[in-house]
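K.L.:
These are the residues of each chain, in order.
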Amino acid sequence: MTGTEVKALAAVPPGVRLGPVSFVWRPWVVCVTLLLAAAAFLVFCASIGVGEFPIGLSRVIATVVGGGEQVDRFVIMDLRMPRALAGLVVGVALGISGAITQSVARNPLASPDILGITGGAGVVAVFLVTVSGGTAAAVVDSVGLSGAALAGGLGTGLLVYFLAWRRGIDGFRLILIGISVSAVTEAVTAWLLVTADIRDVARAQAWLVGSLDNRSWDDVGVALWCTLALTAVVTVVAFQFKPLHLGDDVAAGLGVRYTRVRAVLLLCAVLLAGVAVSAAGPVPFVALVAPQVAMRLAKCPTPPMAASGMVGALLLIGADLVARTALPISLPVGVVTAVIGGPFLIYLLVRANLR
Amino acid sequence: MGTIAVERPVPGGVAEARRRRVAGSVALVLVLLAAVVVSLAVGARALTPAEVWRGLSAAPDPDQRLTEIRLIVRTVRVPRTVLAVVAGVALGVGGALIQGYTRNPIADTGLLGVNSGASFAVVLVIALFGFANPFQYVWFAFVGAAVAGVVVFGLASIGRGAGNPLTLALAGQGVTVFLAAMTTAVALSDKASLNALRFWNAGSVAGVGFDVIWPVVAFVAAGLVLALITLPALNLLNLGDDVARGLGVNIALSRTIGIAAVTLLAGAATAACGPIAFLGLMVAHLARYLTGPDYRWLVPYAGLLGAVVLLVCDIAGRLLVRPGELDAGVVVALLGAPFFAVLVWRGKFKSA
Chain L
433 MTGTEVKALA AVPPGVRLGP VSFVWRPWVV CVTLLLAAAA FLVFCASIGV
483 GEFPIGLSRV IATVVGGGEQ VDRFVIMDLR MPRALAGLVV GVALGISGAI
533 TQSVARNPLA SPDILGITGG AGVVAVFLVT VSGGTAAAVV DSVGLSGAAL
583 AGGLGTGLLV YFLAWRRGID GFRLILIGIS VSAVTEAVTA WLLVTADIRD
633 VARAQAWLVG SLDNRSWDDV GVALWCTLAL TAVVTVVAFQ FKPLHLGDDV
683 AAGLGVRYTR VRAVLLLCAV LLAGVAVSAA GPVPFVALVA PQVAMRLAKC
733 PTPPMAASGM VGALLLIGAD LVARTALPIS LPVGVVTAVI GGPFLIYLLV
783 RANLR
Chain F
528 MGTIAVERPV PGGVAEARRR RVAGSVALVL VLLAAVVVSL AVGARALTPA
578 EVWRGLSAAP DPDQRLTEIR LIVRTVRVPR TVLAVVAGVA LGVGGALIQG
628 YTRNPIADTG LLGVNSGASF AVVLVIALFG FANPFQYVWF AFVGAAVAGV
678 VVFGLASIGR GAGNPLTLAL AGQGVTVFLA AMTTAVALSD KASLNALRFW
728 NAGSVAGVGF DVIWPVVAFV AAGLVLALIT LPALNLLNLG DDVARGLGVN
778 IALSRTIGIA AVTLLAGAAT AACGPIAFLG LMVAHLARYL TGPDYRWLVP
828 YAGLLGAVVL LVCDIAGRLL VRPGELDAGV VVALLGAPFF AVLVWRGKFK
878 SA
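If you read the protein sequences in the order shown, they are chains L and F. Everything in the first sequence is counted per my numbering, starting at 433 for the first residue and increasing by one. Everything in the second sequence is counted per my numbering, starting at 528 for the first residue and increasing by one.
Only chain L is shown next, with the shape it has when bound in the complex (with noise of 0.2 Å):
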C-alpha cells in the first residue's frame, strides 16, 4: 500500500455495522454531543440551584440522584424542577424540531417559528385563554391547553405542507407558504387580542412570547413522553435521511423512499414543535439558532440532530436563567432568545448571502 493509499483510507471514518444497522463513527461530533450535553446538565443545576433560597451545586446534585434534606427537596423536586425540566424538554424538542427542518428545505434560516407552526399554536391558546365561555372552557378542562395548542400547530404544519405541495415539496415554497400562513395566524391572534377582556390579554400575551413560569409536574409529563417518543421515531428514521443530502436521485438509487422519509420527518419536526410550544409558548429562534451552532460546532455539513437537542437545551435553559436572574425586572424566557437569536439570523443570512 503506498503513502497516499494509506493518507486516503485514514481521511474516511471507519463505518460500523451492528446488525441491520450500519452508521459512520465520527468521534469529533460523538465528543461534541457528549461534552453539549454535560454543559446543558450543568446549566439545569444551575438553574435549580439559583433563586431566592440559592442551593449550592453539590447539594443539587445530591438531591437530583436521590438524597438531600427535606428543605431541599421541597424546593428542588416541587418548585424549581418542573420549570427546569420544561427547559430541558423545550429545547430538546426545539433543537431537533429545527435541525429537521432546516435539512429537509436545505435552508439554514427554515424553523418552526417561520413555517407558521408556532403561529398555528399562539391562535388556538389565546383563543381558548380569552373565549370564554361554555365549549372553550370544556376544551381546556378535558384536553388542557396544551394539547389544544398542540393540535393548532400540527394542524398548522400540515396546512403548510398540504399547501406546499406540487409534485413534491421544494424548501422554497414550503417557506414563503409558512410566511404568509404565519402572517394569517398573526392577524387573527391580533383580533382575538382586540376582542378580548384585558386581564385574559396579559396572560395571552405573556403566554405568545414564550415562558416557563409556573410550570407544574402534569405540563411536563406530557411534554416530556412526547419528546421521548419523538425522539425516539427520528432516531430510527433519520438512518433513512442521510443519503437525501447526496439528493434525491442518488437516495432512490441507494433504496430509500425518499418522499416518505421527509415527510414523517416533517412530520416529528412538526410534532416536536407543537409539543415545544405547548409547554412552553412560542419561544422565538430556539429552533433556528440551535442547529446551526450545533452544525460550526461538531464540524458537520448538516444540523446534526442529537447535538441540535442539546445545544437547544442549553440555550433555552441558560436564557431562562439569564432572563428569571440577570435582568433588573423578570421577563419571559423568549425575549432573551430573541435578543440572542435576532443578531444571529442576521448574522447568517449575511454569511448566506456573502457565499
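Please note that a few of the clues may not be correct.
Heads up, simulated SDA-like pairs for lysine to any residue below, C-alpha to C-alpha not over 25 Å straight-line [what the hints assert, rightly or not]:
id	chain 1	residue 1	chain 2	residue 2
1	F	Lys718	L	Ala695
2	F	Lys718	L	Ala634
3	F	Lys718	L	Val771
4	F	Lys718	L	Ala470
5	F	Lys718	L	Arg756
6	F	Lys718	L	Gly488
Here are a few chain L residues that sit away from chain F, every Cβ distance over 10 Å (derived from the structure) [as the list claims (entries may be wrong)]:
id	residue
7	Ala470
8	Leu489
9	Leu511
10	Val669
11	Thr769
12	Gly774
If you are wondering where the hints come from, they were derived from the structure by calculation, not from laboratory data. Backbone N, C-alpha and C define an ideal beta-carbon position, used for all residues, glycine too.
Got chain L sorted already, so can you dock chain F onto it with the hints?
P.N.:
What follows is chain F alone, placed relative to chain L:
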C-alpha cells in the same frame, strides 16, 4: 424573476392601450366612490344614502334623529372612510414602489418588517413617555418604520443573494419575529402600552379622529410627490442598473428617493392604522395584471386599487361578524394570504 415581463404588443397599438388604461382608471375611481358611499352607510347602525347626505350637509335641523345621524356620520364614518382611502392609497403605492425598487415580486411593506419597526417604536414611546394620543407617537412610528426598513433592505442586499425574493422575505420575517418579542417585552412590563398595543396591532382604520388623520394625509401627500418624481427613473431602472446608468439615471439618488417615498407612505399608514400586511403586495400584482409593466400607470392603479381593497375589507369586516367587528387588517390578511399562496404555488417566482 417572473414579473419583469416584456410589454406584450397590444392589439390596436399604443393609442388603444392608452385609451384602455384611462378608461380603466376612470372605472376604478367610480368603484372607489361607490365604496365610499357604502362605507358611510354601512355599520352597526345602517343608514340610507339620503340620511348620509343629510348627515353631511350643514343645514340646521331641530330633529333629534338627525343630530344622532350627524354624530355617527361625522365623528365615526367619515374619519374612518377617509383614513381607509388615504392608508389604502399609501400602502398600494408603497407596495408597487417596493416591488419596483427591489425587483422583487413578493416585496410588501407588511412582510418586510417595516410594520413591526413602527409597532415597536410606538410601544416603546408609550411606555417611556406615556403618550396617549396617536398624534404624539405618529412621528416615532415613522422612525421605527424607517429603521426597520433600512435594516431589512440592507441585510437582503448584501452580497450575491441580493434581489433573491427568499432572502428578503426571510430577512423581513426574522426582523419581525425579533421586534415582536421586544414589543411584547415592553408591553408586558407596562399595562398602558399593552392596552394600546392590542388595539393598534390588529390593523384597523376605525377609532381615529381627524387630529391624527391630517398629519397622516400630509405625510402621504409628501410620499406621493416623491413617488411621482421617481416614476420615470423607476421604469428605466427595471431595464437593469447598467442600462439605466447608460441612459443617464442617477441610480443611488433614485433609490434613495424611492425608499424615502416608501418609508413615508408605509410609515404614515402604519402609524395611523397599525400593521396591514399583504395589501401592497396584492394590489401591486393586480395593477401589473391590469396595466402591464409601465410604472407610470402601474403605481397610480396600485394606489386606487389599494384604497378600494382596504375600504371593501373594512366594510366586509363590519358586516361579517355582526354585532362585532373584524378589523380591516385581519380581513386583508385573510384575503391576501391565499392570494400570496397561489402566487407561490403557481411558481411565479423561483429562488435565484
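K.L.:
Now tell me, hint by hint, if it's right for this structure.
P.N.:
Status of each hint after checking the structure:
For the given pair, Lys718 (chain F) sits about 44 Å from Ala695 (chain L) by alpha-carbon distance, which is inconsistent with the 25 Å threshold. For the hint pairing Lys718 (chain F) with Ala634 (chain L), the CA-to-CA distance comes to about 8 Å; that is within 25 Å, so the pair holds. This hinted pair checks out: Lys718 (chain F) and Val771 (chain L) have alpha carbons roughly 22 Å apart, not beyond 25 Å. A C-alpha spacing of about 41 Å is found between Lys718 (chain F) and Ala470 (chain L), which places the hinted pair above 25 Å, so the restraint is violated.
Between the alpha carbons of Lys718 (chain F) and Arg756 (chain L) the distance comes to roughly 20 Å, so the proposed pair stays at or under 25 Å and holds. This hinted pair does not check out: Lys718 (chain F) and Gly488 (chain L) have alpha carbons roughly 37 Å apart, beyond 25 Å. Every C-beta of chain F lies more than 10 Å from that of Ala470 (chain L), the closest at about 30 Å, which supports listing it as non-interface. Non-interface call for Leu489 (chain L) relative to chain F: holds, since the shortest CB-CB distance, roughly 30 Å, exceeds 10 Å.
Distance check on Leu511 (chain L): its Cβ is at least 23 Å (rounded) from any Cβ of chain F, clearing the 10 Å threshold; non-interface status holds. At the 10 Å boundary, the C-beta of Val669 (chain L) stays outside the reach of chain F, the nearest C-beta of that chain being 27 Å off. Once the 10 Å rule is applied to beta carbons, Thr769 (chain L) is inconsistent with being away from chain F; the minimum gap is 8 Å. The claim that Gly774 (chain L) is not at the interface with chain F is violated, since a C-beta of that chain comes within 10 Å of its own (minimum 3 Å).
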